[in-house]
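Asks: Starting from the known structure of chain A, fit chain B onto it as the hints suggest.
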Amino acid sequence: MSWLIKSSIGRKFVQSISGLFLILFLLFHMSMNLVLIFSYDSYNFIANEVLGANWWAVAATGVLALGFVFHILYGVFLTLQNRKARGKDRYASASKTKTTWSSQNMFVLGLFILLFLGLHLYQMWYQMQFKELLGIEGFRHDSAQLTAEVFSSLWVVIVYELAFLSLWFHLTHGFWSALHTVGWNNTVWMKRIKVIGNVFSTIVCLGFAIVPIAVYLGYSNLLG
Amino acid sequence: MDKDINIKVKVWRQNGPKDKGHFETYPLENISQGSSFLEMLDILNEQLINEGKEPVVFDHDCREGICGMCSLYINGHPHGPDQGITTCQLHMRRFNDGDTITVEPWRSAGFPIIKDLMVDRTAFDKIMQAGGYVSVNTGGVPDANAIPIPRHDAEMAMDAAACIGCGACVAACKNGSAMLFVSAKVSQLALLPQGRVERKQRAKAMVAKMDELGFGNCTNTGACEVECPKNISITNIARLNREFLKAKFAD
Chain A
1 MSWLIKSSIG RKFVQSISGL FLILFLLFHM SMNLVLIFSY DSYNFIANEV
51 LGANWWAVAA TGVLALGFVF HILYGVFLTL QNRKARGKDR YASASKTKTT
101 WSSQNMFVLG LFILLFLGLH LYQMWYQMQF KELLGIEGFR HDSAQLTAEV
151 FSSLWVVIVY ELAFLSLWFH LTHGFWSALH TVGWNNTVWM KRIKVIGNVF
201 STIVCLGFAI VPIAVYLGYS NLLG
Chain B
225 MDKDINIKVK VWRQNGPKDK GHFETYPLEN ISQGSSFLEM LDILNEQLIN
275 EGKEPVVFDH DCREGICGMC SLYINGHPHG PDQGITTCQL HMRRFNDGDT
325 ITVEPWRSAG FPIIKDLMVD RTAFDKIMQA GGYVSVNTGG VPDANAIPIP
375 RHDAEMAMDA AACIGCGACV AACKNGSAML FVSAKVSQLA LLPQGRVERK
425 QRAKAMVAKM DELGFGNCTN TGACEVECPK NISITNIARL NREFLKAKFA
475 D
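Protein chains in written order, with my numbering: chain A, 1 to 224; chain B, 225 to 475.
Any given hint could be a false lead.
Below 25 Å or equal to it, Euclidean Cα-Cα: the simulated BS3-like pairs (lysine-lysine) are [as the list claims (entries may be wrong)]:
1) B/277 - B/339
2) A/191 - B/277
3) B/470 - A/191
Now the stretches of chain B that chain A is said to cover, found in silico as 3 or more residues with beta-carbon under 8 Å [to be verified]:
4) 438-448
5) 451-465
Don't read these hints as lab results, they were simulated from the structure. Just so you know, these numbers come straight off a predicted model, no measurement behind them. Cβ atoms here follow ideal geometry from the backbone N, Cα and C, with glycine treated the same way.
The following block holds chain A by itself, in its conformation from the complex:
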């Protein structure tokens, strides 16, 4: 299995599979967030009974963390190698080749999302699952109320929206690129997977983006 580290396509394969795994997670996370708009009680049920500090949720968190670690480490590793492969001398006449902006900036977008992730984990996950697991004082069971508190300040909402925008750019390239790297592409499917990727990214990011705004404007817990 050393080819997953030593070979370029092997490394890209790991990057793709971890990326596709994170995409599935995003879909789940987005769906769960939408519940917040309708009912705080249902949201708290999902956060505490379905997830919470249950063994399966802790195990899933571990697997998820592994997915992130692989994706981030390989991303850094690949980017450093690519900079080296490009050589020390840069072109004086900057590249005018027409490519999509996101495909050229996956690392920067990823870095911004990672910074956001740090904030997000501190604001949410640390206050709930982490504190409960380690028995730290003041852990929160009222996840919906915690979320509402966090989204009551404007700067948090803006930071979250910016992160979702970066995520959209990251996904529009990442989705089709991941499938391309695992070999699932040809002249016919190229357009299809790009369209599917764009539609998927838009749905996921819109789903994410609605929630902080809705909560900030007071349109949450509509069904009580």
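Replies: Just chain B now, with coordinates in the frame of chain A:
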């Protein structure tokens, strides 16, 4: 109508592989727009020789777009601003009076500069030597219908075989990746029954050589496909990924 134009050419000069290198700008007068880009460089060199200066070194051979020798990065594009052509097929009518044209060598760790605009592209030969062939004695020419090949496959193999190995894909890539070249060379054989026998071994050997020579990891930006003078499709890269992963999982 083609006119005669006055231009400035900003050329990368570098004495040898270890030299630091710098740009020099040369004015050129009365260049016919009907002349080719390489003819313009010939005129420049003539002018430099007459002035007692050293001429600019650049690669060229057939000057009809099939040998893959010419290799200039012109105004931000490998092979210049036109699409689907090599540098030798580029004409001065793409430029206007008073333009300053920036001419650089391919820049990539895999293609070290030999002198001025000439780079060492033997890395591509080494990749080909690693597996870009069919190692069987074919004997006499078989009947054309002895091995039936679906038309679609034959066409795709032919499209991949159009690659002339000029290295524009590497030059255009922000990652210095040679995946478009390697994928075209793997595809042209993997699509045909004669090449299918050694497909696993070939994909592994050529990718291993490509990595060893310091080319980067493809991130599917698609820049290579845009600049390729032979319009090789990046779907070949998906095929290479498929070939390589299949071979590795079969081990």
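Asks: Each of the hints needs a verdict: does it hold here or not?
Replies: Okay, the hints, checked on the actual structure:
About 15 Å separates the Cα atoms of residue 277 of chain B and residue 339 of chain B, which keeps this hinted pair within 25 Å; it holds. Of the supplied pair hints, the one linking residue 191 of chain A and residue 277 of chain B is violated, its CA atoms being roughly 53 Å apart against a limit of 25 Å. A distance of roughly 24 Å separates the Cα atoms of residue 470 of chain B and residue 191 of chain A; the hinted pair therefore holds under the 25 Å criterion. Here the region 438-448 of chain B counts 10 residues with a CB under 8 Å from a CB of chain A, which clears the bar of 3, and the coverage holds.
Against chain A, the region 451-465 of chain B contributes 9 residues with a C-beta closer than 8 Å to a partner C-beta. That satisfies the three-residue criterion, and the hint holds.
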